[in-house]
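If you read the protein sequences in the order shown, they are chains E and L. When the letters of the first sequence are read in order and numbered with full-length UniProt numbering, they come out as residues 1 to 427. When the letters of the second sequence are read in order and numbered with full-length UniProt numbering, they come out as residues 1 to 158.
Be aware that one or more of the hints could be misleading.
To be verified - The following label-pair restraints were derived from C-beta to C-beta distances:
{"id": "1", "chain 1": "E", "residue 1": "Glu78", "chain 2": "L", "residue 2": "Gln139", "range": "32 to 38 Å"}
{"id": "2", "chain 1": "L", "residue 1": "Gly80", "chain 2": "E", "residue 2": "Asp303", "range": "48 to 54 Å"}
{"id": "3", "chain 1": "E", "residue 1": "Gly105", "chain 2": "L", "residue 2": "Gly19", "range": "38 to 44 Å"}
{"id": "4", "chain 1": "E", "residue 1": "Gln108", "chain 2": "L", "residue 2": "Gln119", "range": "50 to 56 Å"}
{"id": "5", "chain 1": "L", "residue 1": "Thr136", "chain 2": "E", "residue 2": "Gln108", "range": "51 to 57 Å"}
{"id": "6", "chain 1": "L", "residue 1": "Gly80", "chain 2": "E", "residue 2": "Arg284", "range": "44 to 50 Å"}
{"id": "7", "chain 1": "E", "residue 1": "Asp40", "chain 2": "L", "residue 2": "Gln119", "range": "24 to 30 Å"}
{"id": "8", "chain 1": "L", "residue 1": "Thr3", "chain 2": "E", "residue 2": "Asp40", "range": "37 to 43 Å"}
{"id": "9", "chain 1": "E", "residue 1": "Gly123", "chain 2": "L", "residue 2": "Gly14", "range": "53 to 59 Å"}
{"id": "10", "chain 1": "E", "residue 1": "Glu295", "chain 2": "L", "residue 2": "Arg25", "range": "48 to 54 Å"}
{"id": "11", "chain 1": "L", "residue 1": "Gly80", "chain 2": "E", "residue 2": "Glu145", "range": "39 to 45 Å"}
{"id": "12", "chain 1": "L", "residue 1": "Gly50", "chain 2": "E", "residue 2": "Glu145", "range": "41 to 47 Å"}
{"id": "13", "chain 1": "L", "residue 1": "Ala130", "chain 2": "E", "residue 2": "Glu78", "range": "25 to 31 Å"}
Stated by the list, open to error - Some chain L residues close to chain E (C-beta under 8 Å, calculated; not the full set):
{"id": "14", "residue": "Cys16"}
{"id": "15", "residue": "Thr44"}
{"id": "16", "residue": "Gly131"}
Simulated from the structure, these hints should not be mistaken for laboratory data. Note that this is a predicted model, so its numbers are computed, not measured. Using N, Cα and C, we set each Cβ at its ideal position, and we do this for glycine too.
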Amino acid sequence: MKLRDDEKAMLAGDQGPAVQKAMDLLVRYGAALDAECLVDTRNVAGTIGATTPFLRQYADQNGGMDAVFSEFNLDSAEWVKIPPVKVSSSHLQQGIDPRHAVRQGVSQDVVRIYETGQAYSSGLGVQPLNTCTPYQVGNVPVKGEHCAWMESSAVIYINSVLGARTNAEGRESTGAAMLTGKIPYWGLHIEQNRRGTHLIQLDIDVSTTADWGLLGYWVGEQVQDRIPVIQGLSHQPNLARLKHFGAAAASSGGVEMYHLVGVTPEAQTREQAFGASPPLATMRFGEAERRWAYEQVNITARDDEIDFVMLGCPHYSLEQLWEVCQLLEGQRLSPNTELWIFTAASIKQLADVAGYTRIIEQAGGHLMTDTCSAIGKVVPTGTRVAAVDSAKQAHYLPAIMGIQTWFGSTADCVQAAIEGRWKGVLR
Amino acid sequence: MSTTFTLTGRKVVGGCFEGEALVTRDRISGWGGIDPRTGTVIETRHELKGISFAGKVLVFPGAKGSSGWSSQFHIARLAGVAPGAMLFNEMTAKMGLGAVVVHAPAMTDFTEDPLSRIQTGDWVRVDADAGTVEVTPRQRQTDPSQHPTGSQRTRAPS
Numbered sequence: 001m002k003l004r005d006d007e008k009a010m011l012a013g014d015q016g017p018a019v020q021k022a023m024d025l026l027v028r029y030g031a032a033l034d035a036e037c038l039v040d041t042r043n044v045a046g047t048i049g050a051t052t053p054f055l056r057q058y059a060d061q062n063g064g065m066d067a068v069f070s071e072f073n074l075d076s077a078e079w080v081k082i083p084p085v086k087v088s089s090s091h092l093q094q095g096i097d098p099r100h101a102v103r104q105g106v107s108q109d110v111v112r113i114y115e116t117g118q119a120y121s122s123g124l125g126v127q128p129l130n131t132c133t134p135y136q137v138g139n140v141p142v143k144g145e146h147c148a149w150m151e152s153s154a155v156i157y158i159n160s161v162l163g164a165r166t167n168a169e170g171r172e173s174t175g176a177a178m179l180t181g182k183i184p185y186w187g188l189h190i191e192q193n194r195r196g197t198h199l200i201q202l203d204i205d206v207s208t209t210a211d212w213g214l215l216g217y218w219v220g221e222q223v224q225d226r227i228p229v230i231q232g233l234s235h236q237p238n239l240a241r242l243k244h245f246g247a248a249a250a251s252s253g254g255v256e257m258y259h260l261v262g263v264t265p266e267a268q269t270r271e272q273a274f275g276a277s278p279p280l281a282t283m284r285f286g287e288a289e290r291r292w293a294y295e296q297v298n299i300t301a302r303d304d305e306i307d308f309v310m311l312g313c314p315h316y317s318l319e320q321l322w323e324v325c326q327l328l329e330g331q332r333l334s335p336n337t338e339l340w341i342f343t344a345a346s347i348k349q350l351a352d353v354a355g356y357t358r359i360i361e362q363a364g365g366h367l368m369t370d371t372c373s374a375i376g377k378v379v380p381t382g383t384r385v386a387a388v389d390s391a392k393q394a395h396y397l398p399a400i401m402g403i404q405t406w407f408g409s410t411a412d413c414v415q416a417a418i419e420g421r422w423k424g425v426l427r
Numbered sequence: 001m002s003t004t005f006t007l008t009g010r011k012v013v014g015g016c017f018e019g020e021a022l023v024t025r026d027r028i029s030g031w032g033g034i035d036p037r038t039g040t041v042i043e044t045r046h047e048l049k050g051i052s053f054a055g056k057v058l059v060f061p062g063a064k065g066s067s068g069w070s071s072q073f074h075i076a077r078l079a080g081v082a083p084g085a086m087l088f089n090e091m092t093a094k095m096g097l098g099a100v101v102v103h104a105p106a107m108t109d110f111t112e113d114p115l116s117r118i119q120t121g122d123w124v125r126v127d128a129d130a131g132t133v134e135v136t137p138r139q140r141q142t143d144p145s146q147h148p149t150g151s152q153r154t155r156a157p158s
């Protein structure tokens, strides 16, 4: 890989040992990818907290947060002192909501580690957005901006909907990018790699958030890590729908970018979406495909007594919170069912002001921030059967928590929380 | 009669390792797809569900899913349950970074598809620096129950 003078200087240690380790990792990573060079970035979204059990133990045994950053953000077994970040950096999700620690079954020791990590991270200059959706709370990359983001649902959103450029980075590469402002110039950073590969023709209306989740789940399974181009939209999607669509496609497959003809910025026409190369394959999404996605995403669900309803994957928007409030107003949750809704802390602040939090709590639910059930491995004690409106969460929760998980619409989920029973069907 | 043969490819991470092959045609998820403390695949519909890749030569198409891929395999390395070597077809950012942080020999860009040439149980010697993979097929079992299979999965209509 070709290095520029400033990069060579970093590798030589001119900016200290942490930057040297960061550049060393980027060079090894770039060589693995067979990248030609690095590219400058001024927008990094990663994670440096240590609230998960393995990292908590590592922090305890190895001398704290600098040791965690060295190993898990720079791939360096040698512990180096970490300087402030060089470029604008956002923190993604954490492992707990400290304000709901007891309910999440999290001990005060873990809350202290969270607080230590939060102070450490903010002290380095990393913004405590603590969400899987930085693009909902102020980090909105512009078209063409080279970014270094992890969190697959955010990566697919900013590439596709905003036209920013990032690969699905990881904890180590984003750590190195924070300290250097560099990332390998490879994959989706390069114009010609952003063209569509597969044409998906919609034969049915795709309008609700649940529909978009099912479409995403099917598309991901079909194209895996390629770039689908979707044509034949009957309804204009919005942020919430595309948030769920991308999260699903990135879970069942490894989709990091898609085009919606006439909607997304690099696909004003089908020709623009594909460039000079014709589609490798054309597929149609109709009733049979939608039904298949619904059945697959519900594959673990058998029992209809619901212990737990989880909403907010990816983190809910204000609009989605209001939708739930309208369904909950004047209702009371089943005594056998818990309802946890997850969003970003700054969105919750607005929900507090707007009275949404009160409506949710009066019904018996809880509005939580910073984490989610799958990331934090937090579900109510004794949960056997959960219900979610996110295909991504339905994909991961059974594997991570060993529980049955139903997928349905937001209304199906709220009804399940009120009645304690799953009555969702594919509509 | 088993005949040893050699595949050639590109080094992703250097080094040598020899061991038993574990082959899957399913892409592997890191976060939410494996238990990094045991090296076991946990994904609900994965053909290796319940099977550990610890110390194996893992032969697979590539990475999928969450960008927590590298950190999960990173933890697996620290827990001593990472694959001994990784051979894969599809390079992505999460695959490349994951291979780097596992520190085990890794290769891609093969002249022949390793998924069609290597079977689970074959003895494999990986020399990533030389760009070679030497494969000695295991004595084949005729009993189909010998094939390691996870849960049955349904293919999508397409």
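Here is how each hint holds up against the structure:
A C-beta distance of roughly 45 Å is found between E:Glu78 and L:Gln139, which places it outside the suggested range of 32 to 38 Å. Evaluation of the 48 to 54 Å hint for L:Gly80 and E:Asp303 yields a failure: the beta carbon distance comes to about 38 Å. In this structure, E:Gly105 and L:Gly19 meet the distance hint of 38 to 44 Å, their C-beta atoms being roughly 39 Å apart. Distance hint check for E:Gln108 and L:Gln119: the Cβ-Cβ separation is about 51 Å, which falls inside the suggested range of 50 to 56 Å.
At about 55 Å, the beta-carbon gap between L:Thr136 and E:Gln108 stays in the expected band of 51 to 57 Å. Hint check: L:Gly80 to E:Arg284, Cβ distance near 47 Å, so the stated range 44 to 50 Å holds. In this structure, E:Asp40 and L:Gln119 break the distance hint of 24 to 30 Å, their C-beta atoms being roughly 45 Å apart. L:Thr3 and E:Asp40 have their C-beta atoms about 51 Å apart, which leaves the hinted 37 to 43 Å range violated.
At roughly 37 Å, the beta carbons of E:Gly123 and L:Gly14 sit outside the given window of 53 to 59 Å. One distance hint, 48 to 54 Å for the beta-carbon pair E:Glu295 and L:Arg25, is violated here, with the actual separation near 22 Å. Between L:Gly80 and E:Glu145 the beta carbon distance is about 40 Å. The supplied range of 39 to 45 Å therefore holds. The supplied range of 41 to 47 Å is met by L:Gly50 and E:Glu145, whose beta-carbon atoms lie about 43 Å from each other.
Separated by about 29 Å at the C-beta atoms, L:Ala130 and E:Glu78 satisfy the suggested range of 25 to 31 Å. About 17 Å separates the beta-carbon of L:Cys16 from the nearest beta-carbon of chain E, more than 8 Å, and the hint is not met. Because the closest C-beta pair between L:Thr44 and chain E is about 5 Å apart, less than 8 Å, the hint holds. The beta carbon of L:Gly131 is not positioned within 8 Å of any beta carbon in chain E (closest approach about 13 Å), and the interface hint is therefore violated.
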